[in-house]
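Peer 1: The hints should help you fit chains E, D and Z onto chain H, whose structure is shown.
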Amino acid sequence: MADNVADNVLVMENITKVYPNGFVANKNVNFSVRKGEIHALVGENGAGKSTLMKVLFGIESPDTGRILLNGKEVQISNPSSAIKYGIGMVHQHFMLAPSLTVAENMVMGIEPKNMFLFDFAKAVQMTQDVAKKYNFDIDPKSHVKDLSVGQKQKVEILKALMRGAQILILDEPTAVLTPQETTELFVQLKELKKQGHTIIFISHKLREIKEICDRITILRDGRSVGEAEVKELSEQDISNSMVGRNVVLDIQKTPAEPKETILSVRDLSAVNKFGKTTLNHVSFDVRRGEIFGIAGVEGNGQSELAEIITGLRPYLKGSVKIKNVEIQNLSIRKIRELKTSHVPEDRMTFGIAGDVSIKENLISDRFYKKEYNHNGLQKAKMINEESDGNIQEYLVKCDGREQPIRMLSGGNIQKVVVAREFSSNPDFILVDQPTRGIDVGATEFVRKQIVKLRDDGSAIILISADLNEVMELSDSLIVLYEGEIAAYFPDTKNITEQEMGEYMLGIKKMSPEETGDVIHEK
Amino acid sequence: MKFGKRLLSAILVLAMSLTFVLTGCSSEESQGSAAASGSTAQSGTEKAGKKLNVAILLNGTLGDKAFFDSAANGAKMMESELGCTTKVIEMTADETKWLPALTDASENPDYDIIIVGTWQMAEKLAQIAAQYPDKKYIIFDSSVDYKDGKCKNVYSIEYKQNECSYLAGVAGALSTKTGKIGFVGGMENTVINDFLVGYIQGAKAANPNIKVLTSYVGNFTDTAHAKELTLAQINQGADVVFQAASNAGLGVIDGCTAKGKFVIGVDSDQALAFQSSDPAKANAVLTSALKRVDISITKAVKEAQAGTLKFGEAETLGLADNCVGLGTYNKGVSKDVQDKVTEFAEKIKSGSIKVDTAFGKSTSEIEAVKKSVRP
Amino acid sequence: MKNKQSYSSKTIENRFEIFRVIVAIGISLLVALLLIMFVSKQPLNALKWFLAGPILTMRNFGNVLELCIPLTFGGLSMAVMLQCSQFNMAAEGSFFLGGLGAAIIAVGVKMPSGIHAIVAILAGALFGVVLCIIPAILKVKWKANEVVSSLMLNYIALFFGSYILQYMLMDPDAGYIASHTFPNSARLAVIIPRTGVHMGIFIAIIMVILTYLFLYRTKWGYAIRITGQNENFAKYSGIGVGSTIILSQVVGGALAGMGGATQVLGMYTRFSWVSLPGYGFDGIIISILAKNNPKFVPLAAFFLAYLRVGADIMSRRSDVAPEVVSIIQAIIVVLIAGKMFLDTYKHKMIVKNSQRQVKEEA
Amino acid sequence: MNTVMATIFSASFLFSVIRLTTPILLAALAALITDRAGVMNIGLEGIMLCSALAGVVGSAAFHSAFLGLVFAMVTGVVLGLVMAYSALNLKADIILVGIAINLMASGGTIFILYSICGDKGNSTSLKSLTMPSVNIPLIQNIPVLGNIISGHNLLTYIAFLSVFLIWLLLYKTPLGLRIRVVGENPNAAESVGINVRKIQYTVLVISGILASIGGAYMSMGYMDKFSRDMVAGRGFIALAAEALGTGTPVGIMGSSLIFGAADALATNLQVLDIPVQFVQMIPYALTIVGLIVYSISRNKKEKKIGISK
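Protein chains in written order, with the UniProt record's numbering: chain H, 1 to 522; chain E, 1 to 375; chain D, 1 to 362; chain Z, 1 to 309.
The following block holds chain H by itself, in its conformation from the complex (with noise of 0.2 Å):
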């Protein structure tokens, strides 16, 4: 590594970061780029990229480490330091006022002035200079809201060029584009680096990555695999190194025994706010006694997906039926009293209200039914002992039912949900990431607890960015990929993570007639 630290535009040092919740995002992970080119920075959903760009964009501090730009040690404690560094950030949610003008927005902060007035006219010149060296076609008067959102990426490449930015941070550029922007993103990435820019491109697209990058970095479970030349490796190569698995779980579980089909969904597509289609005709069973996994990337769908079948995202086209009823126009509550539970994968906006009790955010789902009212009133000892009983039960650290659940660890919090939504005994539940952040000793318990509910006969949708998680724990499973079934995998035991790997990446699909057998009731 030191040999050709010369070239070295950035190095980043024995990074290591801790989150106050204990979590490690980062252990000396070892981060080098040169001068000039563009450099992917690959890894599984939490295996520590977007921790390492805000490391170096100066929004979080590290732990230990340091980092060289052209060989100097620099601090950089915020934002507005890693900008004046050269440092530029393209974030995967736009940081734009919609109602402003792109020039406004591209001049924000770093005012041009005319006496003390703003320099409008100035400021299209400034934008239209930028756009004109970079090649890039935008109008500086439209407003931000009137934009495409390949549009707006441009806008905020143009504003972190403005700033001076030698090196620019693009977190999955390419995840909310169309297939046509993205080819007119890379022709102006191409031009950048051809000026002298480095790029710094977070993705989970092997074939983008192996489109336009020069050098790649892999960080598997918050280390640096390793960095090579993207051309010296395939595909394949990339996929096996971020998606290996350091320990293999023992997840004690008997084979599936399905039975009847709980959850139908056929022919169901979405599409965002922007216009695009995230899910595209996709159609599944899910039967009672499985454990049925929906593995991806994120941002493939399966946030959609999981918001349509608990009821949270109306739906046009296509038909979703728990137990034989269509839900597109029932309530969330009537949805649940099919006897459906759901763990959401934002657990402190949707499955808790922090100030209030354990004992309150346990019974959130049932407080309305008659069984716990009495008169009017609730029944006071019978939630009392359901609750302790479920703390018990469900092994929650705490100071007793009365404590807010704000004061528990992320673990305990999860156990919290877990506990509430299968006590219920649902024939139905879909878990959606029912272990991120959360510390090993909650998630194996949690992962548990799902076992356990499939041997009690629910049906279960499993959704997991973590692929350990998901290969041991489903007894079947399918991938999607661009809101589309990429493979279905009816025995789980025979899934090689290269082969799934593939999948994910979009790399292999499987035919229709292969994905077909998903539906067990024609």
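Since the hints were made in silico from the structure, they are not lab data.
A couple of the hints might just be wrong.
Below, in silico cross-link-like pairs of lysine to aspartate or glutamate (EDC-like), each with a Cα-Cα straight-line distance of 16 Å or less [said to hold, decoys possible]:
{"hint": "1", "chain 1": "D", "residue 1": "K235", "chain 2": "H", "residue 2": "E337"}
{"hint": "2", "chain 1": "D", "residue 1": "K346", "chain 2": "D", "residue 2": "E17"}
{"hint": "3", "chain 1": "E", "residue 1": "K361", "chain 2": "D", "residue 2": "D319"}
{"hint": "4", "chain 1": "D", "residue 1": "K219", "chain 2": "H", "residue 2": "D346"}
{"hint": "5", "chain 1": "E", "residue 1": "K150", "chain 2": "E", "residue 2": "E123"}
{"hint": "6", "chain 1": "H", "residue 1": "K205", "chain 2": "H", "residue 2": "E482"}
{"hint": "7", "chain 1": "Z", "residue 1": "K172", "chain 2": "H", "residue 2": "D119"}
{"hint": "8", "chain 1": "H", "residue 1": "K452", "chain 2": "H", "residue 2": "E402"}
{"hint": "9", "chain 1": "Z", "residue 1": "K91", "chain 2": "D", "residue 2": "D343"}
{"hint": "10", "chain 1": "D", "residue 1": "K291", "chain 2": "Z", "residue 2": "E190"}
{"hint": "11", "chain 1": "H", "residue 1": "K276", "chain 2": "H", "residue 2": "E482"}
{"hint": "12", "chain 1": "E", "residue 1": "K299", "chain 2": "E", "residue 2": "E79"}
{"hint": "13", "chain 1": "H", "residue 1": "K35", "chain 2": "H", "residue 2": "E191"}
{"hint": "14", "chain 1": "H", "residue 1": "K509", "chain 2": "H", "residue 2": "E235"}
{"hint": "15", "chain 1": "D", "residue 1": "K339", "chain 2": "H", "residue 2": "E402"}
{"hint": "16", "chain 1": "H", "residue 1": "K84", "chain 2": "Z", "residue 2": "E190"}
{"hint": "17", "chain 1": "D", "residue 1": "K339", "chain 2": "Z", "residue 2": "D93"}
{"hint": "18", "chain 1": "H", "residue 1": "K381", "chain 2": "H", "residue 2": "E402"}
{"hint": "19", "chain 1": "E", "residue 1": "K349", "chain 2": "E", "residue 2": "D321"}
{"hint": "20", "chain 1": "H", "residue 1": "K54", "chain 2": "H", "residue 2": "E13"}
{"hint": "21", "chain 1": "E", "residue 1": "K51", "chain 2": "E", "residue 2": "E81"}
{"hint": "22", "chain 1": "H", "residue 1": "K210", "chain 2": "H", "residue 2": "E229"}
{"hint": "23", "chain 1": "E", "residue 1": "K152", "chain 2": "E", "residue 2": "D134"}
{"hint": "24", "chain 1": "H", "residue 1": "K84", "chain 2": "H", "residue 2": "E73"}
{"hint": "25", "chain 1": "H", "residue 1": "K54", "chain 2": "Z", "residue 2": "E190"}
{"hint": "26", "chain 1": "E", "residue 1": "K147", "chain 2": "E", "residue 2": "E123"}
{"hint": "27", "chain 1": "H", "residue 1": "K323", "chain 2": "H", "residue 2": "E337"}
{"hint": "28", "chain 1": "H", "residue 1": "K145", "chain 2": "Z", "residue 2": "E184"}
{"hint": "29", "chain 1": "D", "residue 1": "K235", "chain 2": "H", "residue 2": "D346"}
{"hint": "30", "chain 1": "H", "residue 1": "K253", "chain 2": "H", "residue 2": "E472"}
{"hint": "31", "chain 1": "Z", "residue 1": "K127", "chain 2": "E", "residue 2": "D278"}
{"hint": "32", "chain 1": "E", "residue 1": "K87", "chain 2": "D", "residue 2": "D343"}
{"hint": "33", "chain 1": "D", "residue 1": "K291", "chain 2": "H", "residue 2": "E482"}
{"hint": "34", "chain 1": "E", "residue 1": "K361", "chain 2": "D", "residue 2": "E17"}
To be clear about the criterion: a stretch of chain D counts as covered by chain Z if any three or more of its residues have a C-beta under 8 Å from a C-beta of chain Z, and this derived list gives those stretches [said to hold, decoys possible]:
{"hint": "35", "stretch": "18 to 31"}
{"hint": "36", "stretch": "271 to 285"}
Note that the Cβ used here is the ideal one computed from N, Cα and C, for glycine as well.
Peer 2: Chains E, D and Z only, in chain H's frame:
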């Protein structure tokens, strides 16, 4: 378990409040008797003709440059002319505070005479006066109910404000050049409408074709709105505006001053009130319809000090008693007009003119009076 | 014996909350004392009456209790609405209309004693509901800002009430704008002689208990609290967020309306309100002091009533204006509502405690 | 009725519309500037009342109307800072802070008035001064227009000038750009190194200044004295005017003028046979209707671009 604890605490709360009630009763008794004996001792010395200690309780706030200020002025007059000790207490417009304040004053052995005013206080005073029969009370601008020999310790002063506003109407109607005069009241209530009824009657007497514009501010505080109403009336042709709006009346005076029109003040002599601080305003005042609260209560206290005041009776003071009337005239008011007003005043005193009143009139009857002079 | 024990973090938070409230009250009283020192010629005399006046005689104490009644209703009303995170200021107008509704029944209908008052109070509650529900519907249906709409509605309620009073209820023989006197059957009897403390205090106590039970022991109250805490969570759990918001405003409006009715029937002989009574806005202060928990509302109401009666007595006995109380109130509200007020101190306490815990374990 | 129609189309009616609009406009602009930075200032009523008193006291103490105005503005700034500190540092809900300011103002002004003048009603005993009225040369000679536009109080012109100044500030200065960014997307502002808290402090101070001019207008322009509760809900109406003003200074001038006109109309309609109370309701009822219409149209727009379901 937990619920049981809560229930227990709820019961405790109930029990405690009950205890309050019980202990309240017992301690109240001793309190009451102590106060009563205190005041008996006081009334013993009272007859010796010593300088009286007077409390004036106002159910509003000072600063209206009119009614309540006039009462406060009475306190000053008592101090300087009679050597009394006085204390003016503002009970504010919050009705729930009036009874406590009155009781408080009644229990205070220092006060020999307690003065209150307005119709709203009459019922409350009757109740308190019965509880403290040894205390002496004066009420102005209203009368307590003396039926069945009640309220032997209360002297009541009533005013014929309709008489002075009648004269204000005469003066206004004779001074207008446009044939339109205005009236801005604070809120539509009976005393304010009593002013209005007299005003309209007087104006019609002086000029049968007179038009009177009537507006109400909606409260007694929004000076800006009062000014706006005044300007609107001036805009619609009024060149003399009579205000009966307490604090908000300042806006009426201000509006007339700004537009060079005349305003008729109320209760106190408002030309005098502004003479030193704001001569421009003083010059806009045509005259004021006076309700001499100050003079009447001072007179009553003087009689009380001499032991001649007729407690247990009500007196209605009007023009004949010099307790209502008009204040100083603006120098722009001609001698002719002044004489004409005096003429009408004499007729009222002699009883040949009977001035109408709003008391006992329903809203629709008052609407009819207003309608008769609407342009 | 261990001299210092470690506690669970919940205990610390609870203790800290009490400490915070005490500090906030302390600071505001200190400011008030400074102000009194500054403006008064006899500050000690003024202070004596301010702080001790309300308990010197039973009658003064009675004044505190009678003021507690409307303040409790105001506090309960706002507690229910704030628990649902709705800043509906129409409680003020509901209080006024509640008084009007009660007066209409009291004056307009003949009924036997007891029942008459109850019907009148229920009418007041109904009037309160009608007003408070409007901003809620506008918000749920069209996302119209409830603060603005409710502030405007208060004025409309006031003018509407004045109209009804003037054209339908007015007693022409009264010397001011007032309804006919209430018959005894509708009035709430005084229970402590020589004070104004009336039966309403029992109604208030009952409503405190009922509101507490409603919020913390019924499914509706549960839904209100969850919705107020986290709308997304409520929606995810299957709670109808829109209808829950409306329900909270209905209950809040009913409580405010009842408060107005109780106040009018207990403290007045006629209905003569010509301006908004202010108890709705006071309710916000009380609810904040009580942490939106009905259990603590009477305590907060008592505190505020004590301050106000103290200030009134002070103004009668000295040269300080009672309005000084409004400054105290503002400081208390800001300090208690300020989540970060004394936060560094709390943080230190928790850190120290956890260090102690570690030591104990070792 | 004819008289009323004649009045409404008279120059002096339009003159009074402008006069009545002034305080509402200033306060609505004060609401706008904070709203654009994502802060809701409902303490305007209180700030106006305090500065109305401060203006009177200041002008009497310094024997200068101008210094009185400055004193009022200082009061507005201080209250703006108090709100900012409470909301941004202590993290109290800004709506509660606003309510606290309003509660404090109505009692506090009386307390101070009484301490200074010994009077709880108004400041007649103080020899306070007023801001001058201004006749605009040339324009005052134009027949009808001159009577409408010329001859207003200086602060009225400042109010309408403020529309331009706030427009200039918001759309033509770097600060304005930052304010708008902070209001729309605070993360975007942070990401380019704009200090969001500093911007919000700034807007609350500007808001305090604007509201304080509105307050000073009440006691030193519209009236020449302070009297208790003289702002009488104009700060609240301004909030409504802001809500209907489509978020631009010109839009707010329009909605404020509508309120001014409604108020003037209510004043003039008192001569009619309608019960006074219904006439007095007009401005408030209009606000609610306006708010509903505005909310419906906004929701439709959002539906169109797909933000809400």
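Peer 1: Identify every previously stated hint that the structure contradicts and give their numbers, smallest first.
Peer 2: As far as the earlier hints go, 3, 4, 8, 10, 15, 32, 33, 34, 35 are violated by this structure, in ascending order.
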